[in-house]
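A.B. asks: Mind docking chain S on chain C? Use the hints.
So the protein lines, in turn, are chains C and S. Note that our numbering has the first sequence beginning at 1, numbered continuously upward. Note that our numbering has the second sequence beginning at 1, numbered continuously upward.
I should point out that these hints are in silico values taken from the structure, not numbers from a laboratory. Note that beta-carbon positions come from the ideal geometry of N, C-alpha and C, so glycine has one too. One or more hints might be untrue.
[Unchecked claim] Straight-line distance between alpha carbons at most 25 Å, and here's what the computed PhoX-like set of lysine-lysine pairs gives:
(1) C:206 <-> S:399
(2) C:70 <-> S:206
(3) C:70 <-> S:415
(4) C:70 <-> C:226
(5) C:227 <-> C:284
[As the list claims (entries may be wrong)] Some chain C residues well away from chain S (every beta-carbon gap over 12 Å; in silico):
(6) 59
(7) 78
(8) 80
(9) 149
(10) 162
(11) 222
(12) 255
[Unchecked claim] Listed next, with one range per pair, are the computed distances between beta-carbon atoms:
(13) C:256 <-> S:417: 53 to 59 Å
(14) C:289 <-> S:130: 56 to 62 Å
(15) C:116 <-> S:287: 40 to 46 Å
2 protein chains.
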Amino acid sequence: MTSNRNVLYAQAGGVTAVINASAAAVIEKCKRHPEVFGKIYAAKNGIEGVLEENLVELTHISECQLDQLKQLPSAAFDACRFDLDPLEKHPEQYERVLAVFRHYQIGYFFYNGGNGSMVTAQKVADYCTEHGHPVTCIGVAKTIDNDLALSHCSPGFGSAAKYLATSLLEATLDLYAMHRTSTKFFAMEAMGRNAGWLALAGGLIKTQMLDVPLIILPAERLFDEKKFINKVQHFFDTKGYCVCIVSEGLKNTEGQYLNVEHIEHTEFKDYPQLGGVAHIIAQKVRQHFDVKTHSAVPDYLQRSASHLVSANDWAMAYGAGKAAVTAALDGFHGVLPVIEKVSDVPFVWRFKNVKLLDVADLEKHVPDHFLSKDGMEITQAGLDYLLPLVKGERYPPFKNGIPDIHPLDFPLLPKQLPPYQIDRKRVSPI
Amino acid sequence: MTSNRNVLYAQAGGVTAVINASAAAVIEKCKRHPEVFGKIYAAKNGIEGVLEENLVELTHISECQLDQLKQLPSAAFDACRFDLDPLEKHPEQYERVLAVFRHYQIGYFFYNGGNGSMVTAQKVADYCTEHGHPVTCIGVAKTIDNDLALSHCSPGFGSAAKYLATSLLEATLDLYAMHRTSTKFFAMEAMGRNAGWLALAGGLIKTQMLDVPLIILPAERLFDEKKFINKVQHFFDTKGYCVCIVSEGLKNTEGQYLNVEHIEHTEFKDYPQLGGVAHIIAQKVRQHFDVKTHSAVPDYLQRSASHLVSANDWAMAYGAGKAAVTAALDGFHGVLPVIEKVSDVPFVWRFKNVKLLDVADLEKHVPDHFLSKDGMEITQAGLDYLLPLVKGERYPPFKNGIPDIHPLDFPLLPKQLPPYQIDRKRVSPI
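Just chain C, with the same shape it has in the complex:
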């Protein structure tokens, strides 16, 4: 009788405040099924760690470390921007993964990443299976962008949304106190290259300030400067001030980004690095109205805010890890457990498995009915959608006045295979 097949878990793409809760759930649940799962490994830096054999073993992780994982933002096993090339282009990458999987007797591959990288993970698992080493691949959902198709929402989004809404509310109170004598316009930038979900989350401040003069500029809508200026004028006239939340990926009516910070060139593609659009928006208002403006760019702060984790979002991230292992136990392969809403009041949700290939190239955008006719305000339907996702607080422990969080030290296993070097020039820099 052969021993049980081992488990490999890896993280890829941009981090979230709750992705490590998913990691903890995968590890916990696999440990509870020793009749199925053998050793538990994690790769450092996603698929890169597999290729380069940078692995850690978690089979005997302590309860204490699991608890630390559950409250640690960012990616405990390090993120990765690298993805395998198509099989026909670089078959040696697939051979290498097969060699590593065979050596470590990996039979289950849980990949916590973006759609694209999870599909690659499935392809590599299929490749292994076809070459006589069966591997089950299950995706674990995560993204702050909330653009995961077929899912009610994405684990990671709720916490980033809670951070942005809280921050915008607090800054709005600041502006409110200053506007009669000083700053009259404030713009805050939200992440979101193609999807405006995080900008939409700023709309939540309406639940505390019903009539707040707030303009939302989501990535999905082209920026019509004239309409925007008119709306600012309207709010100046009626309220005396105006706040704005804008997607980093806002484009003008010609379809060009308002602010490309820098363009990174790679073998296959140019990646524009975005940033500072809030600043540009504020500048336009200052120049047009001759008023004092301010702008904020929270950048990484919004996706790593352990101190503003949404309890519901955390439960979804933790649940996503459990659901992935359940899917493996149920004999699935090439699936991603996504969130299905069961009822609105009370807010009830569960996981259902969808095929990774079915969600691969889909992007979920903010639907029209979540935005007002002019595309610059949130509707009640939008609020109703967002409210349950940001609900509940889950504070990390504090030490010395700041969150008691720090990188966890998982020592790398000694390498046993011949070295393998990744060509880093073609890694997406985003």
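C.D. replies: Chain S alone, transformed into the frame defined by chain C:
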């Protein structure tokens, strides 16, 4: 027998997360001494509200509203950038204040603002007294900048410091996870035009990550680009990444601001609006090392973060309000209760009264021994100073997933005096 003299409270200058705790304390304590204090008023927008007779009455404020005040960030009675001109230049401003004070029988003036405006408040009180209407003026300390001289620290600073340290720690974990495959440098901007205290607060992340490759660029030290680049190089070589916190008011070796966003011209002075220096620092690193960088500008978020209030800072802000009323009860005039440290372990502090004129033009800077020899790291002495100030959490209540905070509605009293118009052109736009 004449009735008791009435109280006027006002707020001026930039807001903090805890200034309203001072307001609540002043009101509470005055209410408890009806044998001394008559009605309690607050002016909207500081001294502007006095001139324009924009007053609210707080004598019968409810316990519920006081509780709301205690957790509300920003300035509940609206901030003010206006200051009275010298008496010899615009005596009519002083006459107007006297007229308002006389009409409302104001005998106590509690001014919660910056040094400069508190001195003006004293001058105006003296003017009233000299003209037969005795007014006691007491300052209430507040500033996130921590540059208040003669005080161990400033109420408002600890919470902003806690916010910045927490944010930088979380972003550093993000960078840590990404740096092997993506972003290698992250810079965050802290407020502080002339004082680097808030940038120094970033150093607190060393209590969680002892060997963190952190560069601090406080406003007090001129930016030596070569030394900075060498230090980044050192951290890249030894750690593979580097984080940086920089004062908005950083100047180059020629003494010029690295980034003047915009210059506002007024009758008396040009006010450069600063912002975006973190971005410039990140750009320099990207250009020099050809690595991916990110930067964050929290702007108003750092001074309004009700969700990251330091319990010790809150106690100081609340205590500052109480101490001001105590000073009035004790017969003082023209004083400011400042914080005096009594012992380090346990951290014990109390208030002592200093003369407003003695602190007026002093600015407290980060002392040399809080910084390493190269001026870019924090020392143990610096950490020892900061730690008690950020200690303790004091979360606001949450509603709908975000803090349950919103502007409080204090209706303006109907005006009873002839109207008075302020010349807004000469108001400092900072």
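A.B. asks: Report holds if the minimum CB distance from residue 80 (chain C) to chain S is greater than 12 Å, and violated otherwise.
C.D. replies: With a cut-off of 12 Å, residue 80 (chain C) comes too close to chain S, as the shortest Cβ separation is near 5 Å.
A.B. asks: Test the statement that residue 222 (chain C) is away from the interface with chain S: the closest C-beta pair must be farther apart than 12 Å.
C.D. replies: holds, 25 Å
A.B. asks: Tell me if the beta carbons of residue 289 (chain C) and residue 130 (chain S) are separated by a distance inside 56 to 62 Å.
C.D. replies: violated, 43 Å
A.B. asks: Confirm or reject: residue 59 (chain C) is not an interface residue toward chain S, with every Cβ-Cβ distance exceeding 12 Å.
C.D. replies: holds, 22 Å
A.B. asks: Does residue 162 (chain C) sit more than 12 Å from chain S, CB to CB?
C.D. replies: violated, 6 Å
A.B. asks: Is it the case that residue 149 (chain C) keeps its Cβ farther than 12 Å from each residue Cβ in chain S?
C.D. replies: holds, 24 Å
A.B. asks: Has the given pair, residue 227 (chain C) with residue 284 (chain C), been kept, meaning a C-alpha gap of at most 25 Å?
C.D. replies: Status holds; Cα separation ~13 Å.
A.B. asks: Taking 25 Å as the top limit, are the C-alpha atoms of residue 70 (chain C) and residue 206 (chain S) close enough?
C.D. replies: Distance of about 22 Å is within 25 Å: holds.
A.B. asks: Do the Cβ positions of residue 256 (chain C) and residue 417 (chain S) conform to the proposed distance bound of 53 to 59 Å?
C.D. replies: holds, 56 Å
A.B. asks: Tell me if the straight-line CA distance from residue 206 (chain C) to residue 399 (chain S) falls inside 25 Å.
C.D. replies: Distance of about 12 Å is within 25 Å: holds.
A.B. asks: Compare the distance between the alpha carbons of residue 70 (chain C) and residue 415 (chain S) with 25 Å, and conclude whether the hinted pair is satisfied.
C.D. replies: violated, 58 Å
A.B. asks: CB of residue 116 (chain C) to CB of residue 287 (chain S), is that within 40 to 46 Å?
C.D. replies: Given a distance of about 30 Å, which is not inside 40 to 46 Å, the answer is violated.
In this structure, the hints that do not hold are numbers 3, 4, 7, 8, 10, 14, 15, in rising order.
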